[in-house]
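S.K.: Place chain B on chain A using the hints.
Number of protein chains: 2
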Amino acid sequence: MERAIDTQLEDLKKVILVMGGHVEKALAQVTAALLSRDVNLFADVHEIEKRINEDHVRVDNMCMNLLAKQGPVAKDLRLIISVLKINNDLERMGDQSVNISYSGKDYLGRKPVQQQLNDIQRMSECAGRMVKGSLDCFVRGDVEEAKKILLMDDEIDALKNKVFKDSIAHMKAHSDDVEASMDLILIARNLERLGDHATNIAEDVIFAFTGKDVRHGGKFG
Amino acid sequence: MERAIDTQLEDLKKVILVMGGHVEKALAQVTAALLSRDVNLFADVHEIEKRINEDHVRVDNMCMNLLAKQGPVAKDLRLIISVLKINNDLERMGDQSVNISYSGKDYLGRKPVQQQLNDIQRMSECAGRMVKGSLDCFVRGDVEEAKKILLMDDEIDALKNKVFKDSIAHMKAHSDDVEASMDLILIARNLERLGDHATNIAEDVIFAFTGKDVRHGGKFG
Chain A
1 MERAIDTQLE DLKKVILVMG GHVEKALAQV TAALLSRDVN LFADVHEIEK RINEDHVRVD
61 NMCMNLLAKQ GPVAKDLRLI ISVLKINNDL ERMGDQSVNI SYSGKDYLGR KPVQQQLNDI
121 QRMSECAGRM VKGSLDCFVR GDVEEAKKIL LMDDEIDALK NKVFKDSIAH MKAHSDDVEA
181 SMDLILIARN LERLGDHATN IAEDVIFAFT GKDVRHGGKF G
Chain B
222 MERAIDTQLE DLKKVILVMG GHVEKALAQV TAALLSRDVN LFADVHEIEK RINEDHVRVD
282 NMCMNLLAKQ GPVAKDLRLI ISVLKINNDL ERMGDQSVNI SYSGKDYLGR KPVQQQLNDI
342 QRMSECAGRM VKGSLDCFVR GDVEEAKKIL LMDDEIDALK NKVFKDSIAH MKAHSDDVEA
402 SMDLILIARN LERLGDHATN IAEDVIFAFT GKDVRHGGKF G
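Residue numbers (the numbering used here), protein chains in the order written: chain A, 1 to 221; chain B, 222 to 442.
In isolation and in its complexed conformation, chain A is listed as follows:
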């Protein structure tokens, strides 16, 4: 027999997936703006972020309602607590996309420094895969795939280090490009944080479906 709480948990998962879709779109949009040098594309990200923020408040309210009215325990409770955390991470990803749009707009207003854009694009693709992957794991309760997401964070960190190193070298040799290189460094930093938030989601998935806390170096496997 299906319990009332099961339907509500399914609804919660659906809203999280929609919210995740908005985050993926925001990230794709700011990356496209940057690569195509089309500053108008940055405007859309603010509209998308508004929707992410509305989702954020809605998910919190749904969780509060479930906690107050259903008195969930054990795995249901773990799932709701995880959704509260995932909700926060998705909202912060929206913020990071908006931050990218600000640095991106500055960047497009300057003389182009293209060298690091390939790596930025790879970082964005990696972050996008991590967001999508972590939410797929969440919806399917796939703990093994969630562990793989944790490992993808190394790829994005390595790319960020490369963008930092190359940009600093470029700034030293071309003082006229200091601002543009700095914009790219800040964008790389935002993309790295986006990856961190996806990692948090993967950790929450592992906790929700196994009860194991893998944060702070807790072992999994």
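In short, the hints are calculated from the structure, not lab data. Positions of the beta carbon are idealized from the N, C-alpha and C atoms, including for glycine. Some clues are possibly wrong.
[What the hints assert, rightly or not] Selected chain A positions facing chain B (in silico; Cβ < 10 Å):
id, residue
1, Met64
2, Leu67
3, Val73
4, Arg78
5, Asn88
6, Ser167
7, His174
8, Met182
9, Arg189
M.R.: Positioned in the frame of chain A, the structure of chain B alone reads:
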């Protein structure tokens, strides 16, 4: 008559205060290391962060227990949900302090660029006041003071913008100092984030004690 849940909520507040004390100490320590140019002081922050991470797991577990065993509703439920969020923000502040220690260690290994250190110090003091202030509000349920914390974030943002601007100007004129200036920019960014997390806590305090959601431009007052 005192309810069992009241004692447990008081315990929760005490752990949050201890955790907040660790965060304040971590921030004070990395700032002292930077200003006194004593690289050894950075080592302590890792020990402090370990304790913050232990607190983080403990608070989550206490909240889960309360939710499962007491079935809290209304303001008790709001308080517990707020603690879950505050817990996350405090943990991230620990991460930011560790990030500062990494950039700080790099910085101390280079030829000094002192110009921005005054502003960094002011940022750190402001962030420290915000952390302490937001937790005081939380413990006392002081919504009016919490609103003042939200305004302090403007001060820290203005200082960050100044560090960015001055550092970029310095880098353009002194290519040998690009790395050291970049370290200070990253430290300023971390301190700004610390302020953001304190702002989140103040918003959670307002929600916990009034039920009003002031995030995403929601009005208060």
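S.K.: Which earlier hints can't be squared with this structure?
M.R.: none
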